[in-house]
Structures are given as C-alpha cells and as structure tokens.
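Student: Chain by chain, the residues run as shown.
Number of protein chains: 2
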Amino acid sequence: MRLRLTFLFRQRFTSQIITTSLTGGLIAGYLFSKYKPIVHAETDKSIIIGERIPTLPTYSMADVAKHTTKENGYWLAFRDGVYDISSFVESHPGGKQILKTVEHYRIGNLPLGEREANENNQEEVIDLFQYDPERLNAIENFFIRSEKPYNAETKPSMLISSFLTPVEKFYIRNHMHVPFVNINQYKLEIGNEKSTYSLSYDDLKDKYQSYTITSALQCAGNRRNGMNNEQQGTVQGTQWYVGAIGNARWTGVKLSDVLKSFDLDKEGKHIQFFGLDCDTSQRCYGASIPIEKALNDDVLIAYKMNDEILTSDHGYPLRILVPGIVGARSVKWVNRIIVSDKEADSHWQKADYKVLPSSIKQPQQIDYDNVPAIQELNVQSAICYPASNDDGNKIKILSVKPNDDDIKNRRLTIKGYALSGGGRQIHNVQISLDHGKTWLQTELEQLAQPYMRAWSWTLWTYHIPFNDIPSKPFDIICRAMDTHTNSQPDTPLGIWNIRGLMNNAWHKISLQIDENFLKEKKFK
Amino acid sequence: MRLRLTFLFRQRFTSQIITTSLTGGLIAGYLFSKYKPIVHAETDKSIIIGERIPTLPTYSMADVAKHTTKENGYWLAFRDGVYDISSFVESHPGGKQILKTVEHYRIGNLPLGEREANENNQEEVIDLFQYDPERLNAIENFFIRSEKPYNAETKPSMLISSFLTPVEKFYIRNHMHVPFVNINQYKLEIGNEKSTYSLSYDDLKDKYQSYTITSALQCAGNRRNGMNNEQQGTVQGTQWYVGAIGNARWTGVKLSDVLKSFDLDKEGKHIQFFGLDCDTSQRCYGASIPIEKALNDDVLIAYKMNDEILTSDHGYPLRILVPGIVGARSVKWVNRIIVSDKEADSHWQKADYKVLPSSIKQPQQIDYDNVPAIQELNVQSAICYPASNDDGNKIKILSVKPNDDDIKNRRLTIKGYALSGGGRQIHNVQISLDHGKTWLQTELEQLAQPYMRAWSWTLWTYHIPFNDIPSKPFDIICRAMDTHTNSQPDTPLGIWNIRGLMNNAWHKISLQIDENFLKEKKFK
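These protein sequences, in sequence, are chains L and W. Start counting the first sequence at 1; every next residue gets the next number (full-length UniProt numbering). Start counting the second sequence at 1; every next residue gets the next number (full-length UniProt numbering).
No copy labels: a pair is met if it fits in one copy or bridges any two.
With a cut-off of at most 27 Å between alpha-carbon atoms, the simulated DSSO-like pairs for lysine-lysine come out as follows: (1) K361 - K437; (2) K194 - K205; (3) K194 - K342; (4) K254 - K266; (5) K508 - K437; (6) K194 - K269; (7) K260 - K304; (8) K508 - K361; (9) K269 - K254.
Think of the hints as simulated: they come from the structure by calculation, not from any bench. What you are looking at is a predicted structure, and each value in this text was computed from that prediction instead of being measured.
From just these sequences and the hints, can you work out the full model?
Tutor: What follows is the structure, given as structure tokens:
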C-alpha cells in the first residue's frame, strides 16, 4: 500500500487554471481527471472523488446545466457527483486559482445512468501539490525522504554547523501539500462552541505584543530508522535518521494573550489547531495541546523564523510554535484555533502520533483512545560529526580523515546535539568509547534559559586525542541527561513501538581513521 | 570514616534532664560529657563541643560562677567553652527538656589552664537522638539501614499491599535526630531579606484553606544498591533497595497561598525550607525549590498524612510536601521558609543531592556549583512481589512457591510500583521474561489525575500463566514509560554516579519456582 502511495504522489501533473468565464462543462474539465483514487498520505485510505454518496439528493444533468451564471450559481457534475462551486468562483475572481478541495462543494448525485454521458469531460487530476515551493539546493542540505508530501531531513554535518539552523537547512515535515494563501483574504478564526472571532494577519501582528523565543523543533519520528532491530523488527513510517530536528528563533504573539483577549481562557481542556493543508475531503491537518500548556508556557502564533517572514514550507502566514513538545503539535498554515473539552478530532492527534505498547505489531490492533497523544519530547542526543553522507539507515563504519584543524591539534573532533522536553535544560552529554563502561564529559554550547523554559537545543563537542584513538574500527556512543536526571535508554529494546516514534536510545556511530591518513603517518 | 560514624551513632546514652534549680556546675554535669567528637552525619566533619574558639572573649570560672540566677542569667563552662544558657532555661521552665544544641549558646572561652580545673564536671555526652520515637514493629515492616540517624525502607512485599502506604510502613529518611517540639511555642517563620512573619500551628491551620493530595514520596537514593556494578564500581551512601518510596494522602495548606498572604510571591527565585533538626553547630537540615514550582504546583505545608496528624518521624508538626520532586526537598519539622534569590545554603542542597558526572570517582573532585540540585524525579518502576526478605543488595535467585490463589488460577502473580516526576502520569509498565526482546503489558492501578499533576504512584500487576514459566531459573525485568514517553535506561551504565542517586535502570529479579512445589506436580 505504501509503495503505491509513493508512486502516486511522485507523479507530476500539469497545473490547472480556472477563470471566471466558466460553464459547468469547462469547469469540470479543469477540475477533474480520469478516474484515479487519491490516496490519503497518512491513513492509506483511498478517497474517490465523485463517488456516489447515498445520503445526498439527486440532480439531473439538466439541473446542472441551469447553473452557469452568477445569478443562478455555478454547478458542475463529475462522475456521479454534483457540485455547487458558486462560493469558490465568487471568492476567486480570476487569477491563478485552483479548486483543490472539490468534495467540500458536493451537494448531490447525478441520476443513475447519467454519469457515463458526462464522463468525457473529465480529463485531468488536480495536482494538490502545485503550490509546493521550488526547493533550491535541497539535495545539498537534505536527505529527501518523500517528495509528495515533502519530507526532508537536514544532513547531520549541516545540523551542527550553527547554533541556529538556517531556514533553508531546517527540516521540513509536511503531511500534505503546501496550501496556497492569499494574504488579503487570510483570516485566523478563534473560538469555542459558543463564539468564533477572527483576526486578519495584520490584526494579529498589530494588536498583540510580539515575543521571540529560541526553540528547537523535533519530529516525533526523528531517529526512527535507529529503532529497527533484528530482535523486534522494522518499524513503520518515514525512515528518518537524526536530522528531523532544528533550532530557530521564532517571533510571534503569545497564544495565551490572544485567548485571553477573547475571554477564551476560562473554559475547555484542549486547544485545537487546524491548518490550511486539507485533503480532498476537507480533512485538514490538525492537532491539539492541553490548555495548561497553552496558558502557562511560551506557545506562540508565530510569523517569523530566524527574523524572516515564514516561508511557505514552514507555515506562511502563521504557524503554531509549541516549544518543548513534539513538532506535530506546532501546526503550520494555521487558520483555526478552537478551545474545546476534547482533543482535535484528527488522525494525527487521535491515532498517528501515539506510542503503542511494544506488543502491538499492527497499529490496527489497538483502541487508540486508551493511548495518550504524545506531547512533551523526551531527552535526546545524537552524534552529527563525523557523519556519513548516506542516510544512516544502517550503522556503517565511517572512514574518517581528520580535518586540518584536528591534524594540527592531534585530535579528532566529535560534535552533536542534545535536547530535552517540557523546557528541561540539558545538564550533561557524555560519550563513551568502550560501550558505556567509562564516559567522557563533553563541552556544551547552550543558552541560559529560565527554569523549565529551556526550549533551545544544546550543541556539544568533544576532542579525542589521537593517542586515545584505536587504529582499528571503534564505536562512539553518546547519551544526554537533563537537569531533572531524565536520561536515554541504552537500546531501543524497552521503547520499541511499531510506529517507531520517540526513539531516544543511545546514538552510536562506528568509525575508523582513514587508511590513507594512517599511511601518511600523520596519525602517530 | 563512615564506619566510625555508624559506631558513634549506634551508642545509647542516658537521657538528661534539666530543671530550673541550676548552678553552672550542675548544668554542665547534665549537658556535657567526656571528650568525644560528634561526627556530622552527612559531612563526615567532626564537631568538637567546647573546643577553644580564638575569636571569642575570655571569661574566668569566677565570672561563670556569678551567673546562676534569673537576674544574672545562667552561664556554664565546658572544656574551654563558656556558655550563656539563660534563654534556654527561660523558655524551658521545668519539665523534661534537653539542651541539644549547646554551641548555639557559646559566648566565650575560659582562660588557658582553667579547663582542667573544670573538667571533672563533664561526664556525659548529649544524646541528640533521645527524642527519636519508639518504633514498634519496625523490623517487621522495614529494612533498617541505620539507627542514628534513623533510615528505614519498606520491605517490597509491604509496599504493594495497599495503594496508600500506611504511616507505620512508610519509609523513614532522617538526616539527623528527630527534634523535640513544644507545640505551644512552635512558630513557623516566613520571610525574605526585608521582612519576617510568623505563624503558630493553629494560625496556619485556621487562616488558610486546607487541601488534600495523594502523592508519592521517593528518596533520590532509592534503588542505590542496584547501581553498583562490576564495570563501574560501588557507589557511596545508604544502600537502599527498592523501598525508599511510599504513597500517601497529604493534607495541609498551599505554600503559594501562604506566600501570597504575606505578599512574598513577587520576588525571589527560590523558596528555602529549614527544619528543626539541627546539628550541634546549629546547622539545620535545609533545602529549596524554584519559586515557579512553589507558586504553580500543589506544594503543601502539610500537617496530616493519611488523615492523621503527622508522626514525629514524618515531620510533626509541619512538613513541606513537594509532589513530583525528590523527597529531600520535602523538609520535615519545617520552622523557617525563606524567599531568596539563592538556593538554600545547606550541604543537602548545595552538594549532597546532586548527580555527578560518571567520570567523577570522588565527590571532592568537583565544583558543586556547576551541578544542578536534583528536583524532579525521573521515571521509575520496580518489582516488589515476589520479593525475597533479604535486603536485595545482590540479585539472588528467589525460590518461589505460588500462593493459593495463584495455584487455583494456574498463574504466578507479579506486582510492583511505577512513578514519574513533575506530575507526569505513568502510561504503561511492561515486563519481559526474555531480557527485553518481547514485552508484556501489565494492568495498572492508578488515580485519574489532572494534566501534569499525577503525583501519586501507579501499582501494576501481571499474571504469568504456569505454562509460560520455565522450570529453571529465569529473570523478570520491568520498565515503565510516562505519558510523555520518558522511559528507563536498560542498565545503570549511562547514569552511574558516585553518589548512587536517581537509579532508574530496568529492575530485574531472578526467580525459580520452588522445588518442592514442582515435586508435588502442581506446577504442570
């Protein structure tokens, strides 16, 4: 199933244009395609556009033909479905627009037998991904794990080259396409069961105080490929190595300020976020966090990343930034915030980002409601330098030639990152060259951060003197501890879960000093 | 040094009585003893009472003899020291009182040469521990790790016999003696650098709303003896097995309410607590917590444990109860609360309860200021049943005869506890019979607790069917995960520290079914 999904998303489709000079037939030509199931990226569930929906009323092709003007509205038919796209046409008067969410406009079915008569009009599939940006130099900075949706992790050596990860090197984890946004029409809706308010992009920036925090973001699936092991099996999902993480300055307004301004901070247990990235059934990416986190911590509605307006891959115009929590809750392209007694009713909150018990070998085997949605990150560390340029799916012995600086100083430099969840500061990172028997204390680069507000990652460095390096292959292990003594498990054995989430076992690389370098006798 | 300490504290001394009909000579006879160093329990530092203090003035025996009345005050001499104990005598008018903290009353030295003339009067040492209560049935409930100070851990099988640990079975971790408290004179001082306020016991109970929470308490040294290993060595400190933990209902007033009532919640970074358990140099047990924890969470000034007035071993009349945090910060017999920019200036805050890097083999080797004081607990679990009655210093193979209920149901019941820090709920506890390759999900007994306020422990149970039990010895491992995916390390290798603190490696016991039981063929 996954293979087929990848194949479908990898196809390139021609962009489609809709103008206001429409007839039902013409629109149908632009909007739809030959019969092709669109497979939902996360659920593996096929959504077939225009399939008969028994609960809807029936309209004939003659009915459809009556709706081709502004006065009468614009209808169209596709396969067995009848659609009223008047509101779409009205809100997209000309220009390069695309109707990506056709099922949203569905009003009825054609009579049995009329589908065939209409079939010739449907030629093309919508390319949901046509607004995904061009990604320059992507293969220089990233290991690209999938094109559609776009999932790319930062190469390890790039990760530790600066304390703040440049935007163009920051990992990208999209669950669907990048949505098109017309900033003049963009509204952020905020509400609960009783009331809904809305803010324009400018309202939000003008009416609330801005804050800037430095925070890491890490995908719950980071280091997933390190969870695969022979004893317990291979885990399911994007096979991230250590690069689904980054550290940036985020500027925005405090979610708590916005909630308080509408008196929305008094009731409810969860704050739900939904993005503009919706599938063809108008199911949008969504997630939620507990209201305590929303009110007490530095949760932002962010509009800048590293002091620049957000790029489209990182959520332009607005994204949520929930520091200390798995990246999945930091919803991009956010346009709805809902205060509720319930968690967000989305696949990603209710099922996907949950650590299932080790005994579960198929995600279908479990009642998801009994498993909590992941919130806080656990304590994590990884070795990024030296690092192979491959994708780290398997531990390989890296052949390393020390760099000039190291040769001069007769040492081998080891670098990596560490991070804990919930605002807990990293206290120490130790490395071991003897499988954990003795540990060496690394030097930390970290920010002074308030108690329980250590959102930034920590970078660490250790210099191994040449004399301490074996000439044959050897392993380096790293492990971190936070200031509250949370630490990493030795192996994935105790944390293995079929979705491969939250792997924070000790990270290990295997090294040997480059043979040619040894021959040149610079080593001894 | 530690051996000698134990020896000294183990001696029994006769209780001493002071009455108001005193002369300097008489008082000296009751208060002091032959020359004996009193070794400070935690610092291993000898304090010699009556030793010459060069900075103090000199008073002759003739001077001392003038102070034997209420008008002139009560002085006395001991070795080279001169003491004014008027305030002590005044506040203890008759009755069974004892001057435990003699150096506090020190005002000067005798002239050189006069010490010998006075020496004959000094016969007895003060028994700091004379107000330690009688502990009935202690060896039934506890493994007693030291008598003076009294340190006793609950036997594993007792631990899991009820969700709330009965007071008489709750572990006791005293750093010094149990102080004598006259409740009519007891005052709780609360203040900062500018002002100090005080509350009587009744004031505190009458003026503030009472709250009850269920919270576990766990010593940072719990499971210390499991950290010893051949590769890394033996750790220093009381060799606790798995029983320095308990779970109780605590009733008291909120620390935050008290701080707010005196307007003490606006400044400062730490809340310091000091107890009435002071050594002979008036150094009292002390600890502190960050003000954020004090203001936001359910930190109590507690007066009841399991709905009964606190016992003297658990801090009568008042103790601090900091849920989610190592037991060391829940100061017993508290009589001073100080809001400050600094942590408590006590050995136990500044040095003792800190996790040193693994590379440190002697606590003296490190600058303690660079190591954070432990606050939140990490995620923990242990197997308590079946359990041997020995102290678990070494893993031994337990020979188990299933109980009647298990025989009837053809199963072996395994039970234990789990707990995480900072209010994070336990999500699952798994056990493994094959060294971590496959895991079995246990059944949890836990309270529904608000987000990030899961202060209670979780008990867990698993029934292994007889058919799944090998007839030869086998290991059972347990490990817990909290709702934020924090988990336990496989071994102590990555968390080893010379003080043996915060050991939360997987807990393992080795079992075999009792031979006689097998012979009776009830097993198959």
